[in-house]
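Heads up: the sequence lines are chains A and B, in that order. Quick note on our numbering: the first sequence kicks off at -7 and runs consecutively. Quick note on our numbering: the second sequence kicks off at 38 and runs consecutively.
Treat the hints as calculated values from the structure; they're not laboratory data. Please note that a few of the clues may not be correct.
For lysine-lysine, the following DSBU-like pairs were computed, each having C-alpha atoms within a straight-line distance of at most 35 Å [unchecked claim]:
1) A:K53 to B:K87
2) A:K213 to B:K81
3) B:K81 to A:K200
4) A:K200 to A:K213
5) A:K92 to A:K331
Chain by chain, the residues:
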Amino acid sequence: MKKALLVLSVMLLLVPPLFSNGAKETSTTKPVTLDVMFYSPELSEQYDDMVSAYFKETGVKLEITVLQTDYRSVLTSRINTGDVPDVFMSSAYADNSTYKDYVYDLTNESFISQIEPSALQGVTVNGRVLGYPFLVQSHSFIYNKKVFKDAGITVLPKTLKEFEDVAKKLQAKGIQPFATGFKEFWVLPQTAWQALAPSIGNYGGYEKFVASLNDGSLKFKDIKEMSQVFDLLDLIKAYGGPKPNESDFNDQTSSLATGKVGIIHQGNWAEDTIRKTNPEVEIGFLVGPAGQNAAAAGIMFDSNQTIRIAKDGKNLSAALDWLKWLTTSEYGKNWIPTKIKQMSPIKGAGAPDSQIAVETVGQLGAGVPGYPWFYQMWPTGTEQQLGSILQGYCAGQTNRAQTLDALDAAYSKIAKALQ
Amino acid sequence: MTSLSKKKLNKAGVFIGFTLPAFLAILLSVELPFLMSILYSFTKWNGLDKVPVFIGFANYIEALTDDPAMLKALWFTITLTFFTVIITNVLALLLAVILDSDIAGKNFLRAAFYVPNIISLIIIGYIWRFIYGNAFDSFFAATGLPVFMLSWLGDTHLVLFSVVIVSVWHSLGFYLVVYIAGLQTVPKDLIEASMIDGANPFARFFKITLPIIMPSVTVAVFHSLSNGLKAFDVIFSLTSGGPGSATTTIALDIYRTAFVINRFGYGTAKSVILFLLILVLTFFQVRMFKQMEVEV
């Protein structure tokens, strides 16, 4: 704990000095400055662009602190010390209850009607809208089109068997089929749970599924479709190069961009990084296999990154004005599609100029199933803990039965603590 | 008032004046948070709710009876500490003896060994991640030696040694300085007398030098023991506790309990257990080593 506190206090030093109270007061003469905490540092330039556009139009300044790995810890400690940011980001679903004491209820704000109802799912609790969906994102397998063409692969794989055939063909050409990303605690669960997504219907739908896991009436070891997860992980590991457990986000994006590997499991947010390595690269989206059922193979599609407004903030009305501007103004509407180049949850917003986003929209339009990020409905902390257990499976620490037991033990421990 | 008692009073005033600021700072920044964390360890609190719920010893009972992940982390921490304490101290003592003799370039070597110690462990973790990854790949391409193709951070058995190598590399310089300082207290006349008596270098080292520098050994082992048990930053940046839970130390487990799962009460309870563990282990270590110290 001492060490953790030390690390925390060092991180706190990195946060800009707390603003004086005078600057926060909303008066007609003094310019308002909104205190904002965001993550996704890869979007820093776009954040800055939006801040200067808003300042030009309204004279209101946004002071954004951008963090990534320790975002949650810093936010928690700032909230603890009473220094709640006016605007902050979090995940959807489980985080609705995490920050329940601090967030403003947006249900009656006029601009909420401008948001796609499907994007509001993750932020709605008992009919109340507790957050503002920021981006719509998708994750699945991304492939390098040139590599596939050179290997003579014309039919895109949909089932586990077809993925294996493709992997064999790539390997025969001397190309490493997958870069695993197993070292990142978030890549591995995203890969794994996608293979389970089509089967959730067998357990009474997402809410029932999560509720049964939470109260212990459903266990991972009773979910027979978990074998699809293990089969997929085994396949990726077997064709994931000589050091499958050391591949991280940078390894994935750079080796896909350079054509060293054919396939990675990532989301549309990786495109920018991939393109920075190789601006000419042609990439596409593959569906995630769920066993041998081609029709059920889909992509994971959801709005998970959520903007929250502090309900007790001094600048509440200024923060709401900003959100309204973000939803209804010309700049605001185009910010996500044209500057961030991702999909916007706002009704009638333009399509982004990004290959993965275009493929996502195209595939969903063509009837490929889009599944919500159901693992975000699990209690806070499960993503990392279960991810680490799956990582242990991939590293050969545990076999399937032991892994299932470990998943159940970790899950029930976290769920029990919430009661 | 007599001048003597006035002098005494003055002395006390000076003493208090100089120590009070430091005392207050430590009280405020170390002792108070420590006492508060003991208080929080009896509560159920997610770090965000405005009121923590008092639940008595439930956190402690859960940690000791129903937390296999913590016991596993504890076992790994002890293994890691065992290796780092022994390797660091033996190596540092050996190097200190070499660098205390009259070899060429000893000042440069002393500085070279000390440099890693002034770099933050977080940075060192990232540097070694690069060395074990891309650098080793390039070494393999250049030399073809299979040792560079091993998965140093991805193999659950090998990764322990990868961590030990980095920890030892980082902390060696500090212990080197402690031992060199100790070696310089060894009286030259004792060494000369033993040489006249015909003692060989080994006998000289084990019978004279080692007993005399025992206080340095006590300090160095105490330091490496408590640092080993608290290991966090190097693990955090080098392996993130992985693959799986292979390198999760107890400090990292505590951090995750508090900041990832949001169980602050439970996390602080675990940290109090860690504190007690370090207290007991170092207490016995220091007592044992003190008994081995000799008067010259």
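A quick look at each hint next to the structure:
no. : hint             : in the structure
1   : A:K53 to B:K87   : holds (30 Å)
2   : A:K213 to B:K81  : holds (29 Å)
3   : B:K81 to A:K200  : holds (27 Å)
4   : A:K200 to A:K213 : holds (17 Å)
5   : A:K92 to A:K331  : holds (31 Å)
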